[in-house]
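S.K.: Below, each chain spelled out in residue letters.
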Amino acid sequence: MVSRSGHSAQTLAVLSALCSTPSDWRHGYDIAKETGLRSGTLYPILIRLADRGLMESCWEAEQPTGRPRRHMYRLSAEGVVAAQAALATSPGPAPAPAERRRGLAVDGA
Amino acid sequence: MDRVAALLASLLRWSIVLLPAGRRGWAEAVWAEAADVPAGRARLSWLVGGLLLISREAEMVRRVAFAIAGVVAGALLVWWDWHPGSANPAMPISRATMIGVGLLLAVLPWVTRPLLGPTADNRAARIVRVSGYLTVYALLLVMVGLSRFAGSRFDHFQAFDQHNWEADMRSGAVVSAVLITVVVGGYAAAILTLTARRTSIAPTTLAAGASLGLTAAVIVYVLQPLGNPRHTNWIVSAGSGTVSVAVLAGALLAAGAFAGRRIADSPSTDPEVKESARVRAGVIAGLCAGGAVALLLNILTITTMLLFPRHVDLKWANPSPAVPHGTTFEVQMSVGDAAVKYQAGLLLGPLLGCVLGAIGGVGAMGADKPRANPRRRTDPDMATTP
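Chains as they are written, first to last, in the numbering used here: chain G, 91 to 199; chain Z, 3 to 388.
Don't take every hint at face value.
Said to hold, decoys possible - Here's a subset of chain Z near chain G, in silico, CB distances under 10 Å, partners left out:
no.	residue
1	Gly27
2	Ala29
3	Val32
4	Ser47
5	Gly52
6	Leu55
Keep in mind that the hints were calculated from the coordinates and are not lab data.
Where is the CB? At the ideal position from N, CA and C, for every residue including glycine.
Build the full structure now, drawing on both the sequences and the hints.
M.R.: Shown next, in the form of structure tokens:
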């Protein structure tokens, strides 16, 4: 389903998650947990957002012990403006699939 | 379940190389974060999602489907060409050639992709690539048909000097094998190069070249092989030939002129840059037009000769007026001889297209003035010119 802003419900969920703390770098699994999206759905959305210049990405600077370095994401300045506009014009934040399955109410960003 | 997850993680890690360099980081991110996902179904689901991501980003489904279709088409051609019971000593070489060319066509898109990139992101490139490749397969199909028709006269052939005749047939088959591989491989490589993202050919240049070439081929086919029974006297025959030559040359010149005019109308003010860009665009458009003419004219004409050999103007292989003409052996031989002339066009068409296209591109220089329509200002042919 596509909202009036032209974004799918899943993309709005990702934008909402990233927009809640726009200055923080977040990793993919963290966003997946918040939105309830699977990796096969989440990553194409992240790729599209990065291709459009709405999102910045980088690898963790230092190698952590016991796990590989993570890829980190946050909205660009342009992305924050676009996300706020998209979320403002959408009828309401889309319920994340995991939350839909559990029948929980959605916490709007 | 942990073993399955470990297997999927390894598969994901090794599949990353299938992605273009700019996309690998995303799949590496999925792989790196799999360790954070709780073990069990959640991690399996995460890893499967990563594999789906690679499949989507690498366009694996489409590429594999095209490769399978290519291999199947090649196998069908080899099977059709593999008629049993022939005493023709050239047959093993012909069969090996068909297998080699079928494999070449199936492998070329995979081999050229790292060098040229994927198909350019416009409709003209996609249409030219798919239809061009299909046309190359159609050319192979008529070549196999010709080999079966014209070559079958040797099925039970006994020569006066059998040893020399066999050696002669084998050497001829080797020359044919090299020519067929070079021509078919060259056409396939040209189609892949002209429609690739990294070559950045303007969609209008591709579209103009291909459509003008196809139009010219259909007109010439209607006038010459198809219209042959209407050539009742030399005036009609000569007129038809003259119009055909004019249409062919006109199409190649027009393709170059059209592509060159697009450059001439661009806002760059450096005349040297413009001139070289015009020549380049003209050559590319002429190459497309010449290749399209040659391919389509070969396919249509040889198909007509195979289905209706007496419809076309065959020159009898035995020139003596004292012998009765039209035996099956002579028809098969004459069709083979006539087809060679059209097959030579497969080499001449693109070459002539490059020359006349360049002339057409340079001839478009009279239009150096600013355009009224700002949407048509940019042209990839200009952008890629050094």
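S.K.: Confirm or reject each hint.
M.R.: These are the hints, each one checked on the structure:
no.: 1; hint: Gly27; in the structure: holds (6 Å)
no.: 2; hint: Ala29; in the structure: holds (8 Å)
no.: 3; hint: Val32; in the structure: holds (5 Å)
no.: 4; hint: Ser47; in the structure: holds (6 Å)
no.: 5; hint: Gly52; in the structure: holds (6 Å)
no.: 6; hint: Leu55; in the structure: holds (5 Å)
Every hint from the earlier list agrees with this structure, and none is contradicted.
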